[in-house]
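With these hints in hand, go ahead and build the complete structure from the sequences.
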Amino acid sequence: MIKTGAASLLMLALLIPVTRQFFLPALPILTWVLFFFNARFIPTEYRPHIWVKILPALENILYGANLSNALSRHQNAILDILAWLPYGILHFGGPFVWAALMFICAPPGTVPIFAQTFGYMNIAGVAIQLLFPCSPPWYENTYGLAPANYSMEGSPAGLRRIDELFGVDMYTSSFTASPLVFGAFPSLHSGNAIIEAFFMSHCFPKLRPLVIFYAMWMWWATMYLSHHYAVDLVGGGLLAAVAFYTAKTNFLPRVQPGKVFRWDYDFVERGDPSYSSFGHGLSALDVIELCQDSSDEWSIGTSSSVSGSPIDENGSSWEGETLASPTSDSDLNEIAW
Numbered sequence: 594m595i596k597t598g599a600a601s602l603l604m605l606a607l608l609i610p611v612t613r614q615f616f617l618p619a620l621p622i623l624t625w626v627l628f629f630f631n632a633r634f635i636p637t638e639y640r641p642h643i644w645v646k647i648l649p650a651l652e653n654i655l656y657g658a659n660l661s662n663a664l665s666r667h668q669n670a671i672l673d674i675l676a677w678l679p680y681g682i683l684h685f686g687g688p689f690v691w692a693a694l695m696f697i698c699a700p701p702g703t704v705p706i707f708a709q710t711f712g713y714m715n716i717a718g719v720a721i722q723l724l725f726p727c728s729p730p731w732y733e734n735t736y737g738l739a740p741a742n743y744s745m746e747g748s749p750a751g752l753r754r755i756d757e758l759f760g761v762d763m764y765t766s767s768f769t770a771s772p773l774v775f776g777a778f779p780s781l782h783s784g785n786a787i788i789e790a791f792f793m794s795h796c797f798p799k800l801r802p803l804v805i806f807y808a809m810w811m812w813w814a815t816m817y818l819s820h821h822y823a824v825d826l827v828g829g830g831l832l833a834a835v836a837f838y839t840a841k842t843n844f845l846p847r848v849q850p851g852k853v854f855r856w857d858y859d860f861v862e863r864g865d866p867s868y869s870s871f872g873h874g875l876s877a878l879d880v881i882e883l884c885q886d887s888s889d890e891w892s893i894g895t896s897s898s899v900s901g902s903p904i905d906e907n908g909s910s911w912e913g914e915t916l917a918s919p920t921s922d923s924d925l926n927e928i929a930w
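So the mapping is simple: the numbering used here equals the position in the sequence shown, first residue as 1, plus 593.
It should be emphasised that the hints constitute simulated quantities derived from the structure, not laboratory data. Treat the hints loosely; a few may be bogus.
Stated by the list, open to error - Below, in silico cross-link-like pairs of lysine to aspartate or glutamate (EDC-like), each with a Cα-Cα straight-line distance of 16 Å or less:
1) Lys841 to Glu862
2) Lys841 to Asp865
3) Lys841 to Asp857
Unchecked claim - Estimated spans, in silico, between C-beta atoms of each pair:
4) Gly657 to Ala606: 49 to 55 Å
5) Ile805 to Trp644: 29 to 35 Å
6) Val611 to Leu831: 33 to 39 Å
7) Met809 to Leu724: 43 to 49 Å
8) Pro641 to His667: 33 to 39 Å
Heads up, the beta-carbon is just placed ideally off N, CA and C, and yes, glycines get one too.
Pasting the structure below:
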């Protein structure tokens, strides 16, 4: 009954125009959450082999050492809290903060693209984790390189110390009963932090150092808490880069200089102009001239129904003039002679 009621409410929300503006872009995120939590119901006989040795081997080949074990070797309460903040708090609340900033100060339409890109990236990440299950560092620390099986429980790893520090079961039970125990690669903690950094850097270039620091902070926290190897973080970052640049090239609204709030935008341009222009067979010179002509004389109307008309040197509008007008006829005669 609860599932049927939730599905009915979602369908109703998608039918109402006011709520559809929120729930339609959020569908990929809701799909990812359902995909993740229902992974536990996939029968074991249909699941692939669990890779235990491949990530530690790649770690040693690429970096010459197990960075996760090196970073987690020295532990204390201060480092535990510093790792818990990004991994256990900001990872869940951060996307809402970034989305609120983008809604207020970024071009209109940015938040829906952010939500959809975020959701599709996580769906792809969970799919990879299901098709290529790998054990995380805590497994190696607990069981060594012994073969794993799907009957094994998860582990909060370093987050157990946070529960002991505060005397509250915030993570132990939930991570022990994780629906995707062997989802180490790619790291979606890394992927989420990187894609948030990409979007925030695109919308707010001045905040780039802050969001890069946040992403690196997340990387350190995941390894310190023994939840991911460094190669997992790189995999998540690459997944985020592919998702972001796909969205940026085709769908993401472009930031216009001098615009501070979303209400300052009279029109919205989407995608990367260099990709779209070259895609139509224009040369580099054509692109430069097209950009100059567009910026000097023309305004582009959008869904906001705001459009502009070119104005000549005398301040008169060309709106309403056509090729059949007297002015246009005289111009054509001059060109012909």
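Which earlier hints turn out false for this structure, listed by number in ascending order?
3 and 7
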